[in-house]
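Asks: Chain order of the listed sequences is A and B. Using the numbering used here, read the first sequence as starting at -5 and increasing by one per residue. Using the numbering used here, read the second sequence as starting at -5 and increasing by one per residue.
Be aware that a few hints might be false.
[Said to hold, decoys possible] Okay, the calculated beta carbon distance ranges per label pair:
no., chain 1, residue 1, chain 2, residue 2, range
1, B, T633, A, D818, 28 to 38 Å
2, A, R111, B, G717, 34 to 44 Å
3, A, R826, B, Q374, 34 to 44 Å
4, A, D220, B, G4, 49 to 59 Å
[What the hints assert, rightly or not] Sample of chain A residues with no beta-carbon within 10 Å of chain B, all distances over it, derived:
no., residue
5, T125
6, E285
7, A710
[Said to hold, decoys possible] To give an idea of the interface, some chain B residues facing chain A are shown, with a C-beta separation under 8 Å as derived from the structure:
no., residue
8, L(-4)
9, K(-3)
10, G4
11, R7
12, A11
13, D12
14, A15
15, K23
16, L25
17, D188
18, P198
19, P228
20, E285
21, Y370
22, T378
23, P437
Since the hints were made in silico from the structure, they are not lab data. We put the CB at the ideal spot given by N, CA and C, even for glycine.
Protein chains: 2
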Amino acid sequence: MLKRSFNINGVNRTVIADPEATLGDVLRKQLMLTGTKVSCNDGHCGACSVIVDGKLTLACITKLERVPDNAQIVTVEGIGQPHRLHAIQAAMMAHGAAQCGFCTPGFVVSAKALLDRNPNPTREDVRAWFTQHHNACRCTGYKPIVDAVMDAAAVLRGEKKVEDLTFKMPADGRIWGTKYPRPTAEQKVTGTLDFGQDLGLKMPPETLQLALVQAKVSHANILDIDTSEAEKMPGVFKVVTHKDVKGKNRITGLITFPTNKGDGWDRPILCDKKVFQYGDALAIVCADTIEQAKAAAAKVKVKLEQLPAYMSAPAAMAPDAIEIHPGTPNVYYEQKIAKGQETKPIMQKAAYVVEDSFYLQRQPHLTIESDIGFAYYDEQERLTIHSKSIGLFLHHAMIAPGLGIEPEKLRLVQNPAGGTFGYKFCPTMEALLGVACMATKRPVYLEYDYQQYMTYTGKRSPMFIDLKMAADKEGKIVAMESDWTVDHGPYSEFGDLLTLRGAQFIGAGYNIPNIRGMGRTVCTNHAWGAPFRAYGSPQSFLASESLVDELAEKVGMDPLEFRYINVYRPGSTTPTGQAPEVYSLVEMLDTLRPLYKEAKVKAKKESTLENKKGVGIAVGIYGSGLDGVDGAEAKIELTKTGVTVYATWQDHGQGADMGVLGTAHEALRPLGLKPTQITLALNDTATAPNGGPSGGSRSQVMIGNAIKNGCEQLVAAMRKPDGKFRTFDEMVAEKLPVSYIGKWAASMNSNCDENGQGNPFAVYMYGVFMAEVSVNTKTGKTTVEGMTLMADVGKINNKLVVDGQIYGGIAQGIGLALSEDFEDIEKHNNMRGAGIPFARDIPDKIDVRYFENPRENGPFGAAGVGELPLTSPHVAVINAIYNATGVRIRHLPARPEKVLEGLNKLEVEPA
Amino acid sequence: MLKRSFNINGVNRTVIADPEATLGDVLRKQLMLTGTKVSCNDGHCGACSVIVDGKLTLACITKLERVPDNAQIVTVEGIGQPHRLHAIQAAMMAHGAAQCGFCTPGFVVSAKALLDRNPNPTREDVRAWFTQHHNACRCTGYKPIVDAVMDAAAVLRGEKKVEDLTFKMPADGRIWGTKYPRPTAEQKVTGTLDFGQDLGLKMPPETLQLALVQAKVSHANILDIDTSEAEKMPGVFKVVTHKDVKGKNRITGLITFPTNKGDGWDRPILCDKKVFQYGDALAIVCADTIEQAKAAAAKVKVKLEQLPAYMSAPAAMAPDAIEIHPGTPNVYYEQKIAKGQETKPIMQKAAYVVEDSFYLQRQPHLTIESDIGFAYYDEQERLTIHSKSIGLFLHHAMIAPGLGIEPEKLRLVQNPAGGTFGYKFCPTMEALLGVACMATKRPVYLEYDYQQYMTYTGKRSPMFIDLKMAADKEGKIVAMESDWTVDHGPYSEFGDLLTLRGAQFIGAGYNIPNIRGMGRTVCTNHAWGAPFRAYGSPQSFLASESLVDELAEKVGMDPLEFRYINVYRPGSTTPTGQAPEVYSLVEMLDTLRPLYKEAKVKAKKESTLENKKGVGIAVGIYGSGLDGVDGAEAKIELTKTGVTVYATWQDHGQGADMGVLGTAHEALRPLGLKPTQITLALNDTATAPNGGPSGGSRSQVMIGNAIKNGCEQLVAAMRKPDGKFRTFDEMVAEKLPVSYIGKWAASMNSNCDENGQGNPFAVYMYGVFMAEVSVNTKTGKTTVEGMTLMADVGKINNKLVVDGQIYGGIAQGIGLALSEDFEDIEKHNNMRGAGIPFARDIPDKIDVRYFENPRENGPFGAAGVGELPLTSPHVAVINAIYNATGVRIRHLPARPEKVLEGLNKLEVEPA
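Same shape as in the complex, but just chain A:
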C-alpha cells in the first residue's frame, strides 16, 4: 500500500491505496468522489478525466503510484457544485450539452484544462482538444459541447456573463417550446447525478458483488458445470446456476407474431442445455467483494461440446446447418409485402429499372456507460431490480415467468442511464440479478466491464437486402421488389417486428404504387438483435435511398429532383398503404434545393485529386409509436405544494425528465404552476403506471398524451364554478380525488396484415438529410464536412432536447456510415475498435431546419423525435461518397480500406 497526501479539490486528504490501483478507482471507490465516471477502463472514452498538477489525466489508466505525493487533483466536484456552477457547467446547461450526462463530468474537466491553458480557443481548437484527449460523447454529436465551451470561454474572458447564458422564464410563464434546461441538467454538469455504478457504491453493506461465468464460444452443448471449487473460495456466499432458478429459466420474447415459428421462450437466463452465443451466462458467483467474485468465477469448471457456430444469416440458412434452437427452424419468421399490382410485369415494361444488393452492419450502441444493475427485496418483500431498462413493464412481463415469481412480487426501477439508444429495450442483466437475489436473499450488484457489455448485450441486427426499382419515362417510380434477410442472433425477441420494419420502411417517402417483397428473420450465433434507434429503418433506407440515387442516375435526373417528383403528396400512400398524416417532404426539398445547389458548387470548386468532395441526400421517415393500437397511462397527483407526475417515461439520456415536465407544465397552465412545483416520480413500477417502453419515438406521443389527459382531468376537477381553482386543502375538504390516471390509446391505428398493409402509426417524423463529404483518395478516409437536416418532428416541446436528439442521431449515422461495427468479437469489443466517432469525426457544421407541422394525434401537436436523425443520414453520406468519387459502398461501414478498394477498382475499370 502507498500512503499519499493529495490536495483534492482544495482539501488535503490522506490516501492509502494499492500502488497498482487506478486513480479512478481510488477517487470513486475509496473516496466516493463519484462525479468522475469510469467505464471503458482503457483510456478510450475520457469519462474519467481529472486534472493532476494542472495536467489533464485519464484516471482509469493512471496507476496511483504515478500520482506524486502532494499532487493537486481536481475532479468535477472541485470545479463547480449545484447552485454554484462554473461557467463551463452553466454553459453546458444552457446548450443542452449534457444529455445522458455520463460523459459530462469528463468533458467539464477536460474543458477546464483546455481553458486554463488556452483562454481564447477557436471551435476547431476545442474539437481538436477533445479528440486528442479522447473525450467521447455518444449523445450530443459534440456540437452543443463545443458551443458551451466557446460561451464559457467568453464568460471567463469577461466578454459575457453567466447570467446571459441562464434560462430566463418567458413573460407568459410558458416553457413549452423553449430552451428550459432539463431538470437533471444541473446534477449532470456537476457530477452529482448517481448512475447505476454510483448507486452501486452506495448500496447497503450486505450487498453481494456478482461475477458471471460466461461462455467463450458461440455455440455448444453443455455437458457439466462444476461449482464445487468456486464455492470454497474466500468471500463466496453462493455460486448460482440454472439449478437455482425457480421459474422457467427463460426470458420470453412476449410479443411474438402468430406466424412466428418459434414460441419466444428461447433465451435462457442461465444456460442449462446449450450455449447460443459468446458471453452467454453459465453461472453467477455471489461474493463479498468483486475481486473475490471474479477469482471464484475463474474456478467454475464448465465442460462443453462445441457446435458449429453460425456467425451470419447465410451461414445459418445453409442446407446443412443444424437448428440452433432444436425444433425451431433457423429461419423462424417471414414477412411478405404486397401492395398494388404484381410487380413482375411492371418491371418488364418499365422505362428504367435498377437493382442492387446491400448490407448494413451489426451496429453497436456504444453507450459510454456499460451495463449495470442491482437488486434487493424491498420493504414489502418485492424483488426489486434496478437497471438501465427502458421498458420496465415490458421487462416485468418478459422475466417474471422465467424467475418464477408472482408478478405483484416483482418491481422494476430504472436507474439514471448513461445512454442506451435502444439496447435496453431488451432485458440484459435484469433476470440474472433477479435469480441471484432470489437465491441469496441478499442485495446483489452486477456491473459488466466494457468487454462484457459489448459482447453480451444486443446489437443492431444486420440486414442483407436485395432491391429492385422501376421508373417510368417521366421518372415516376412505378414498382419495387424487395428481399431482406435479418441476422437476429440467437434470441428472437422483437425479431419478427424488426423484420416487419423492412416492409414498412424500404421505399418509404415515395409514392410507390406497386410493391412485392419478402423478408425473413434468421437465428444465428452472433450477438442477439436488440432495438437500436430508428430500429429497422437504417437498413431499409440504405437499400432504398441508395437505389433511388442509382435510379435517378439511370433516369438522368439530379437525385434531389428525382426525389422531388416522387415524394409523398396528397394522395400518396406509404409502403403499407397508409395515407401520411402530413406532407412535409415537398416543402423540405424546396427549402433544401438552394442549399444543395450551393453545396454542389462548393464541392466541385474545392475538390482536388487528393481530396474529392461530394454531396449526397437521403429521405428518412419513422413512426412515433409501436405498431397498431399503442397507448400509455400516467398518474397526476395534486399535492400541498404542486403536482406530482408518476410516469414510466424511461430515460435513455434523451430527456425523459424534460419530456414529462414540458408536457405536464403545458397541460397544467391554467393552474399557473412554476416548473419547480411539478415533481417527477418516474420509472418505478411500484409507483408509476404503465407508460410502455421508451422506444420507437413513442413517448412524447403516447405518454405525453396520457399526461395531458391526466392533467386535464385534474384541472377540470379543481375548477370551481367561478372559474378559479380549488386548492389542495379545498379538494381534500370537498372529498374530491387529488389523483388522476391519464390514459391515451392510438385507437385509429391498425397492425399490418399478412401483406404488410395497414395503418401502423398515428404519427410519423419526416426528414431530408444532406451530407457534404471529402474523400481522401490516398487513404480512402471519408470526412463528413457538413450535415443538413430538414426535419419535421411536429411541434417542439423543448428545443434543447430536440436539437440534442437530432445532433446525436446524426453523429451515430455518420459512425454507421463510416466506422462502426461489431463483427469481430475480439477486435470490435471496445469503443475504439468498434469505431466510435470522436469530436473531429463529426462535422461542426450541422444545420437543422424544423418544419413544425402540428400533429393531430400528438399532444400539443408534437410528434416524437429520437429515431428520425438516424433513419438515413448514413445513406446521405454514402450517396455523397458516390457523388465525390464514383464509388458506391453497398456493404457498411465505408471504412477507408473499402473506399480505397472501390477507388482502385474504378481505376482498373472506369465507370
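Following the hints, put chain B in place on chain A, whose structure we already have.
Replies: Same frame as chain A, but now just chain B:
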C-alpha cells in the same frame, strides 16, 4: 431494503438501505458524507447532528425507516465548504471553536438549526440549545463555540460582516502571539478533515474488518480458546489468537524505574495465560465486513477459570490477595519523598496541624471520538500502523518486540485524533492491528465502539492520599507528611512515573521546608492507568489544596491570604527541592484578591437557604516536559516554494499544527515567509524525526526548541555575506544542504533521586483558580457559576490555541469535581453515564488572566499549557462547595447525592 428519494444538501439522491440502518450509517458508510461523525451510537454526543425537514436530528439513533420519502436532509457538507464558509463556520474558525474538530460538524449543524429558528438568541439560549440537543464537546469548554454562534448570528442579522471575523495579517507579518487560526481549522469546521473512521471508510477494498473477542470478566486463567467454529463463518479470512503472534506478545512499559519490582513486560497483546481486566483481547476476527467479523467473534469459545477480581488498590493490597502477575507483588513500586528535616518532631511542636484523607476517582477521558486505527504494509514492506497515538516513537519501541518485528520494518502514523487528553500516551490497539496485519498480510481496520473504548483503554489512576500539614503561629507551613496509593490497574506502563508525581506535586506551590512521605503503585484488576492531562497532579492537589484550606481555617486565615504568605518567592523550593524558574504566584494572588473579594460579597448576597453560594480557590502547577533530560528533534527542509517542517508533534486536538506553524514561522521570520509557505509534514515515523510523545505539556518547549534550532540552522546556511538569503536554487547550485535536523535537550535538568529530590523540569506552568458555585441544598446539585484563572504559561504562541486549552481543561476539571467517574463498568461505560459535562454544566463566565513571564528555556519564552488548567480547578470547586455549605467532599466526584449526604450530616452534627 427501502428505496427512498432524499434531497441531501440540495441534491436529489436515491438511497437504498436497510430500514433498520441508522441515518448516520447511511450518510457516512453508504453515501460517504463523512462530515457527519458517529461515535457514541447512543444519541449522547450530538456529533452526528443533521437537519431533516428542518428539524435537528441525531443521525446515529434515527432509523432510516423514520426518515420520510422526499425528506430534505442537510449535513455539514451542505452548510458551507472550504473556501465557501457559512458564517457559523467562519465564526468558529475565528474563535478557535474547533479544537480536535470531531464534534465540530455536529455543532455547526446544530447552530444552523438554532439560528434558522431563532436568529437573535441570547448566550443562554445557545447554551440551552446545545445542552438540550446533546451537543457534547470535550475540548473547548463550550465558551468559544457560544462566542462563535453569537457572532455568526450577528453576521446573519447583518450587524457584522464575515470579514470582521476573519483573521487579518498584522503589518509586521508576524503570527506569533496572534489569533491566527490553526491550519486544520477550515477542514474541521467544514467536516472535510478525515479522522480515523473516515479514513477507514476510504481504505483499499481488500481491507479486512476486525472484531475483537474480549473478556467479560476482570480476572481469570485462560483454559482454552476455540476458534474452529468462527473460522468457518461467512466472510472470515482468519481468526487471530496469541498463537499467531510472532514476537513476545507483550507490550513493554519500557521506561520502568530500576526500583520497580515488575519488569514492564506485563501487558499481553492477545491474552494467552490470563485475563487481567475486563475487555482484555482474546482473539481478533478478520473478515470482509464488520458484520461478518462480529458474527464470527460471537462464535469463538473461550474457557476461563475465574479468579478473585481486585477492583481497587486496598483490595489488591489485602493480605490474602493473590499476585495478579504471578511473581510480581501487587504493590510493585514505592516512591519516597524526604526533603529537609524529619517531620515527626516538627508536627509534634507545630502551632497548627491538620490531617485528612482524600480519594480522586478513575476519571475517564471521554473523548468524543472512540478509539480507531488501521494497518497495512507500505510500499517498502514496512508494517504501517495508523492510530490516535500521541507517542509514535514511544509506541514504536513499546510494541515492536511484542510483535516480533525489526524496528526498521515498523512505521507508525497518527491519524487526526478526535481528542485524546492523554489516554493515547499508552498504546491501545496498535499492537492488535499489527498482529492482525502480520497474520493476514492484508490491510486491517479496527474501530472500538464507545463501550469498548470506555472499558478497554486506560483511565486516570485513582489515588488514595493521607495528608498532614503543619503551620507555625504566623501561618507559615513548616512541614508535610504524605502517604499516597495509586490504583494503577493491571498494566504497569508509567505507573512508577505517576507515583513519582505525588512526590512532585503534593504541596506544590508552597515553600514547605520539610517533607516526609511515601507513595506506592498497586496492581489491580480495574481499568489500567493511562496518562490524563495534568497526570498525577489533580490527585496531588485534591489532597494538598483541600488541606491547605483546612489549615488556613485552623490558623484562622482567609484561604487566599494563607496561600499568599506561603507561595513560592525567591528562595523557595518545590517539594523536590528545585528553585522555581519564575515566581508568578504572588502577583497572581494580588491580581486575584479584588476579584475574590467581590466574588465572596456576591456569593453572600445571593445565597439563599435553597441555593447556597460560595467561592473557592486553588493553586495549580505542572512541569512542561518529561522528567530529567527530555529533548526532541525536528527536520526543517527548504523547498522550491517555502519550507517543510517534519516533526512528530502529535495532536490530541490541542493544536499541534498551530504549535509547529507558529514556532517555525517565528523562527523563520528573517526569510519573510507567508504562513502558507510553510508545509507541515507531521506525525509519521517514516518521514519525521523523533519529537517524543505529546504529553506533559512538553511539545511547545521540547519540539518547539528543536524546530527553532533547525530553522536557525537553515536561516544561517541561507544567509549570504551581504545579509540577504540564498534561494532554493542557489542553495542547490552551491551544493549547500537544504535539510537540517533541529535538536534540543533539557540538559540543565536531573531526575528525582530516591528521596524524590531533583530538578525534573526546566519549565513550569503556574496558575491560581477561583471557582464560584451554587449548591442546591434540596438536591445536592452543585453548579459552577464562574471560574477565574490566573495563568502563567510563559509567552503565548497562539492565543486561540492557549485560550482553548485553558477553557477545555477547566471544563474537564469541573467534570472531575462534580460528575465524572469510571468505577462501575456497566453504569459508567458511556458518555452520559460517565458524567460528561454539557454546555450548561460549564459556566459561561470563564475569566482567564495571563502573566506572560518569558521562560529562559522555552522557545521565544513559551512554556507549555495543556496540563495547567486541569491541575486543580476541581479543588477550587470543592473548596467553594465547602465555602458555600460547610460540606467538604474528600471522595470525588461531588455528585449531588454525596453533597446531600454531607448536608444531612451537617444538620445532624453541625460543624
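Asks: Would you mind marking each hint as holding or not holding in the structure?
Replies: Tested hints:
1. The beta-carbon spacing between T633/B and D818/A, approximately 53 Å, falls outside the hinted interval of 28 to 38 Å.
2. Here the CB-CB span from R111/A to G717/B is close to 41 Å, well matched to the stated 34 to 44 Å.
3. Range check, R826/A to Q374/B: Cβ separation about 38 Å, and the 34 to 44 Å hint holds.
4. Under the hint 49 to 59 Å, the C-beta atoms of D220/A and G4/B, about 52 Å apart, fit the expected range.
5. Distance to chain B confirms T125/A as a non-interface residue, since its nearest Cβ pair spans about 32 Å, more than 10 Å.
6. For E285/A, the non-interface assignment is contradicted: its Cβ lies about 7 Å from the closest Cβ of chain B, within the 10 Å cut-off.
7. Against chain B, the non-interface label of A710/A holds: every CB pair exceeds 10 Å, the least being about 27 Å.
8. Annotation: interface hint on L(-4)/B holds; nearest CB of chain A at approximately 5 Å, less than 8 Å.
9. Interface restraint check for K(-3)/B: the shortest CB-CB distance to chain A comes to about 6 Å, inside 8 Å, so the restraint holds.
10. Checking G4/B against chain A by beta carbon gives a least distance of about 5 Å; that is within 8 Å, so the hint holds.
11. The interface hint given for R7/B holds, since its Cβ lies 6 Å from the closest Cβ of chain A, which is under the 8 Å cut-off.
12. This hint holds: A11/B has a C-beta 5 Å from the nearest C-beta of chain A, less than the 8 Å allowed.
13. Because the closest C-beta pair between D12/B and chain A is about 5 Å apart, less than 8 Å, the hint holds.
14. The restraint placing A15/B at the interface with chain A holds, with a minimum CB-CB distance near 7 Å, inside the 8 Å limit.
15. Against a cut-off of 8 Å between C-beta atoms, the interface hint on K23/B holds, since the closest Cβ of chain A lies about 6 Å away.
16. Against a cut-off of 8 Å between C-beta atoms, the interface hint on L25/B holds, since the closest Cβ of chain A lies about 5 Å away.
17. Hint status for D188/B relative to chain A: holds, with the closest Cβ pair at about 6 Å, below 8 Å.
18. For P198/B, the interface hint holds, the least distance from its beta-carbon to any beta-carbon of chain A being 5 Å, beneath 8 Å.
19. The restraint placing P228/B at the interface with chain A holds, with a minimum CB-CB distance near 6 Å, inside the 8 Å limit.
20. A distance limit of 8 Å between C-beta atoms decides the matter here; for E285/B the minimum to chain A is near 7 Å, and the interface restraint holds.
21. The interface hint given for Y370/B holds, since its Cβ lies 4 Å from the closest Cβ of chain A, which is under the 8 Å cut-off.
22. The interface hint given for T378/B holds, since its Cβ lies 7 Å from the closest Cβ of chain A, which is under the 8 Å cut-off.
23. Against a cut-off of 8 Å between C-beta atoms, the interface hint on P437/B holds, since the closest Cβ of chain A lies about 6 Å away.
Violation of the numbered hints given earlier is confined to hints 1, 6; the remaining hints are satisfied by the structure.
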